[in-house]
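Asks: Now for the letters of each chain:
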Amino acid sequence: MIELTHVPIDYHALTESVRSSQSGAVVLFLGTVREMTEGRRTVALDYEGYPQMAETKLAELEAQARSKWPIDRVGIIHRLGRLELGDISVAIAVSCPHRKQAFDAGQFLIDELKGSVPIWKQENWDDGTTEWVHPV
Amino acid sequence: MLQIKLFAKAREVVGRSVAEIPWLDGQTVLQLKQVLAEKYPGLQPMISRLLVAVNNDYAADDAAIKTGDEVACFPPVSGG
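Going down the list, the protein sequences come from chains A and B. Take 1175 as the starting number for the first sequence in the numbering used here and just add one per residue. Take 25 as the starting number for the second sequence in the numbering used here and just add one per residue.
It is possible that some hints are incorrect.
[To be verified] No farther apart than 25 Å at their CA atoms in a straight line, the calculated lysine-lysine pairs in the BS3-like style are these:
#1 B:Lys90 with B:Lys57
#2 A:Lys1288 with A:Lys1274
#3 A:Lys1288 with A:Lys1242
#4 B:Lys29 with A:Lys1288
#5 A:Lys1274 with A:Lys1242
#6 B:Lys57 with A:Lys1288
Because the hints were derived from the structure by calculation, they are not lab data.
Use the sequences and the hints to build the structure in full.
Replies: Below, the structure is given as structure tokens:
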């Protein structure tokens, strides 16, 4: 299940959606809005996406992950719009027969998402300035 | 004419979410970047980092674009 949303992510429902009796391991990753970045204070993040391509790329990532690990179920939800401190920007849930597979698949999915899925975030600093985030 | 969807800082510096430029089928991604930077000088500082997607997939500089393709131009992604 792949989804972009403008409303808060229900990560409990997402986690339940990947649970099954075939899987001995479920891993959930949550990306959340952090207050401090290199000494500067964030008050909010604005996320913008290219929805059609983002969903295409996420589906490709799921297919790649499934070719590498024996994934049972996977769910990815990314939020767009204005997010406040502590809000969840992305949730990835993966189920596999064994824990290492689930951890590795989850790490692969979030790492690749950050590198290739067309979504951008803009910092709103506490001094009133804004700045598009440049990937490192 | 070719329509180009713009996102994030590219959208912001151009001041609109869709740009439209005259286009000859067969011109490349690199030519698109050059034409955009000429028409919208605000893009100039980021031109070397701009990414182009054609029909929902990343396109290399030498890829050809034809009118009717879905084309988008944006800076490196920063989701998550």
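Asks: Hints first: check each against the structure and report whether it holds.
Replies: Taking the hints in turn, this is what the structure says about them:
{"no.": "1", "hint": "B:Lys90 with B:Lys57", "in the structure": "15 Å, holds"}
{"no.": "2", "hint": "A:Lys1288 with A:Lys1274", "in the structure": "21 Å, holds"}
{"no.": "3", "hint": "A:Lys1288 with A:Lys1242", "in the structure": "19 Å, holds"}
{"no.": "4", "hint": "B:Lys29 with A:Lys1288", "in the structure": "21 Å, holds"}
{"no.": "5", "hint": "A:Lys1274 with A:Lys1242", "in the structure": "12 Å, holds"}
{"no.": "6", "hint": "B:Lys57 with A:Lys1288", "in the structure": "24 Å, holds"}
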